[in-house]
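Protein chains in written order, with our numbering: chain W, 28 to 292; chain V, -10 to 256; chain L, 88 to 410.
Since the hints were made in silico from the structure, they are not lab data.
Computed from a predicted structure; not experimentally measured.
Hints may be right or wrong, so weigh each one.
What the hints assert, rightly or not - Keeping only pairs whose Cα atoms sit at most 30 Å apart, straight-line, the calculated DSS-like set for lysine-lysine is:
1. L/101 to W/282
2. W/274 to L/230
3. L/167 to L/344
4. L/112 to W/282
5. L/167 to L/308
6. L/112 to L/362
7. L/283 to W/277
8. L/101 to L/167
9. W/282 to L/308
10. L/167 to W/277
11. V/25 to V/41
12. W/274 to L/167
13. L/308 to L/110
14. L/283 to W/282
15. L/381 to L/362
16. L/362 to L/344
17. L/112 to L/101
18. L/381 to L/344
19. L/230 to W/277
20. W/274 to L/212
21. L/230 to L/212
22. L/308 to L/212
23. L/112 to L/167
24. L/101 to W/277
25. L/101 to L/308
26. W/274 to L/283
27. W/282 to L/110
As the list claims (entries may be wrong) - Just the calculated beta-carbon pair ranges, DEER-fashion:
28. W/78 to V/224: 27 to 35 Å
29. W/53 to L/225: 19 to 27 Å
30. W/55 to L/112: 40 to 48 Å
31. W/288 to V/191: 53 to 61 Å
32. W/267 to L/230: 34 to 42 Å
33. V/158 to L/225: 32 to 40 Å
34. W/147 to L/230: 27 to 35 Å
35. W/140 to V/158: 30 to 38 Å
Positions of the beta carbon are idealized from the N, C-alpha and C atoms, including for glycine.
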Amino acid sequence: MSLRTIRLYARAMFLAFEMTLRQNFTDMFVLFGIFVQPLIIALLAFWMLQERGSDYIIFVVVGSGMTGLWTTVLFSSGSNITRERWTGTLELLVGAPVPIQVVIFGKNLADVLQSLGSMLLSYTLAILIFGQIPEIIQPELFAVSLMIAVISYVCFGLIVSPVFVMNPNVQRLQNGLEFPIYILSGFLFPIALLPNWTTPLSYILAPYWAARALHATSSGGADFKEIALTWGMMILFSLVYLIASGKLFKTLLYKARVEASLLRQ
Amino acid sequence: MIKKLSLNLRLFFEGALLSYIALFHWLRPAQYLATKVWGPLVYMLFFVFLGKFATGQDNTSFYVIGNAIQSVALSGIYGVSMSIDGDRWDGTLPYLFGAPANRMTVFVGRSFMHIIDGVLGAVIGLTWGVLLLGLDLSHSDPFALGLTILITTFSTSGLGLLLGCLGLITRNVMFVNNTVFFLLLVFSGANVEIQTLPAWAQVISQALPLTRGIAAARQIIAGESLSHVLPLLAVEFSIGVGYVFLGYTLFRWFELIAKKRGTLEAI
Amino acid sequence: MNTIEVCNLRRVYKTGIGVIRRKVKEVVAVEDISFDVQPGELFGLLGPNGAGKTTTVKMLTTLLIPTSGTARILGMDIVKGAREIQAQIGFVFGGERGLYWRLSGYDNLRYFSSLYLVDPEVAQKRIPYLLEMVGLEERGQEKVEGYSRGMKQRLHVARTLLHDPTVLFLDEPTMGLDPVGARELRQVIRNLQSEKKTILLTTHYMFEADSLCQRIAVIDKGRIIALDTPEGLKGHVRDLSVIEFEVYGVPSGILEKLRAQPYVDTVSVENRDQKQALLIHSPRGSEAVPDLLKSMDGLRVGNVVVREPTLEDAYVRLVGGKV
């Protein structure tokens, strides 16, 4: 693949990113999941956890942001391909020279980055309610963890969206996948509270490792070895997701072009 | 007089039957199970664990009861308001305006099924509580509990009716529904003692449905008698009536404006 | 080398019927289609709804893979060479969908140009040019949701030209357009052809096929039932060309004299009140009128009406209706 091709692929991804941001801007349904819901969860968690002291403010900010990230990947990114089908633009994507994964990656990236805005909002909300600025214990490590987390969520979205568009029945169950991940990933409470048999389930979830990294670097209490472990796990999962998504998209194109089951409804 | 009454009764039951069919046509079995059985369970588990983290082990039933009763809002808010706005999306709204029948009767008839559905949801929630989380219902008066659930579902449906009518003049009805549902989670006392909230928040709590219903349910399960919680239930019921009235007024006003402006679909 | 070569293309759809016990039903959308399109040609696919036109176009534009048969576009196989083909062809299926409503026309084009791997500098110049070409230069910054049906269709055409493809596939491009819009779009299509682009057009508007296409394939039930120039197709229904002379009295011998002419197929007489009508079938159509008049020298002739067979007549007869 020539440098020129890579450059043009990158441009397509960037424009998919830009157009998704623009379209999300006016989509109330998407905005709810990205902003309103995490904010309300933050508010509730602030009040529920206030007895635990002011150290927990940053915990709630980060944790509620993570719930927003997951909800976004599940609902917004998950429906990215399905939405293209509704607007009748899926066949344009299938028929265009740029690989469809590049486009979907750009869209997912836009969703995830937008969702980080909710973390910013709950941070502001915390300042307003409690009148103090919550402190991030290890800011540089937090920033790196955040970047790796974003990549792993985007890659996960690359699995969810083809699965959902190929199996509408699975998509209908998406409501039921929201809170269980909140629970198993330890977004707003440590998984030590859960029964032991659920721990392996937590370990195979990338969001769990993301939450562990982000909580450790913001609320503190972990040495670098542990943080590096979480980074390693997230990167590993991202690679797994990328490889799996390659196969899934191949199947998607097969279904679209051979079975003709995905284009115009 | 009798004719009007029988006409209204007929409308009521037709509305109820229609919404019953619509409910089960729209939600396929898998989705219905996911929403009615699995959904409330995971909400409950989340808040039980969050509550454990926040305060301590012995408070599990606080969160279980809170969220089980809270689940009536799923039908009361979403179900009821969508049954009004369903007309809007199907394009049958103008026919409703044009019909000589009492619109409100139709709407109330439609809400009826959702009230039954909502009660069922709360029962499922409490059952999960008993099966998995050690909820002890042995001290509760079943009639009192049932009445509490019914009244709370009714009052939440009143809010749902208001939201449904609001939904007729805005394009973003799901956004409003979602926001209200989640706000109820916060302000209804399902997951946090109302007394610990700041003053302004407590005011909101008192103006909303669910708050007193949840409080009453907690007291009944702790062993209190019906007469003890009757004042709470009475206020809860009146709040429901109040919201129904508000919704009705809004609807009539909207009808008037639409007819004056000549636009039957507002947006 | 022909630009488009289609060889025994076949496409079968499998659908499931029934909810409880699903049976698989096979629907043959395209039975057996073969044809070639020459470089720079404007080729038409004509046929009733459900004939297989759109399915054929979808196969040729790499959106569907045929069940059997092959096709080559610019020498490349539609299955194996799909990605290369995609960069050189453009297609329009049109309609209300296929555009991003929340974005402006300009942004839609900008986005699609990146999907087609058009160099940014090239795109920047080409987009305003295309908007002007389809008459949308004033409304380019508005959101597509505010566009009329015709405007959306025109934006589709602009989109398809972003990467300057050599081959264009237009599926019912003027459907749903008002007469003025349709006429303007047809002129755009003619202009494109004069730029040496090869165009495959599907339509069920007869006069559109007649006026635009150099050759037409008539498709019915997944097969090509005729392939010729418009004139050639109309030749199938020469017998429909009728010249009607209003005369006052038919003297004896005139019918035989007319029938003797080499360019006359049949002659018949109809009585109409106090006049008669001579109905003459001739493949020369209206061109035969002066000679016929000469043959009818001496007759008092009133009205002369010529009815030429149209492509629609040919089509209807080919597809099985009675003319």
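Restraint status (C-alpha distance of residue 25 of chain V to residue 41 of chain V at most 30 Å): Between residue 25 of chain V and residue 41 of chain V the Cα gap is close to 24 Å, so the pair holds against 30 Å.
Regarding the pair residue 112 of chain L and residue 101 of chain L, is the alpha-carbon distance no greater than 30 Å? Answer holds: residue 112 of chain L to residue 101 of chain L is near 6 Å, not above 30 Å.
Status of the given 53 to 61 Å range, CB of residue 191 of chain V versus CB of residue 288 of chain W: holds, 54 Å
Cβ distance range 27 to 35 Å for residue 78 of chain W and residue 224 of chain V, holds or violated: holds, 29 Å
For residue 308 of chain L and residue 212 of chain L, compute the direct alpha-carbon distance and say whether it is at most 30 Å. Given that 30 Å is the threshold and the Cα spacing comes to 44 Å, the pair is violated.
With a cut-off of 30 Å on the C-alpha distance, tell me whether residue 274 of chain W and residue 230 of chain L pass. violated, 36 Å
30 Å Cα cutoff - pair residue 167 of chain L, residue 308 of chain L: Measuring from Cα to Cα gives roughly 27 Å; hence the hint holds.
Pairwise hint evaluation, residue 344 of chain L against residue 362 of chain L, where the allowed Cα distance is 30 Å at most: Distance ~20 Å between residue 362 of chain L and residue 344 of chain L Cα, so the pair holds.
Does residue 282 of chain W pair with residue 308 of chain L here, judged by a C-alpha cut-off of 30 Å? Distance of about 25 Å is within 30 Å: holds.
Would you mind confirming whether the straight-line C-alpha gap from residue 274 of chain W to residue 167 of chain L stays at or under 30 Å? holds, 19 Å
Regarding the pair residue 230 of chain L and residue 212 of chain L, is the alpha-carbon distance no greater than 30 Å? Holds. Residue 230 of chain L to residue 212 of chain L sits at ~21 Å (cutoff 30 Å).
For a C-alpha distance cap of 30 Å, please report whether residue 274 of chain W and residue 212 of chain L respect it. violated, 38 Å
Comparing the model with each earlier hint shows violations of hints 2, 3, 6, 7, 14, 19, 20, 22 and 26; every other hint is respected.
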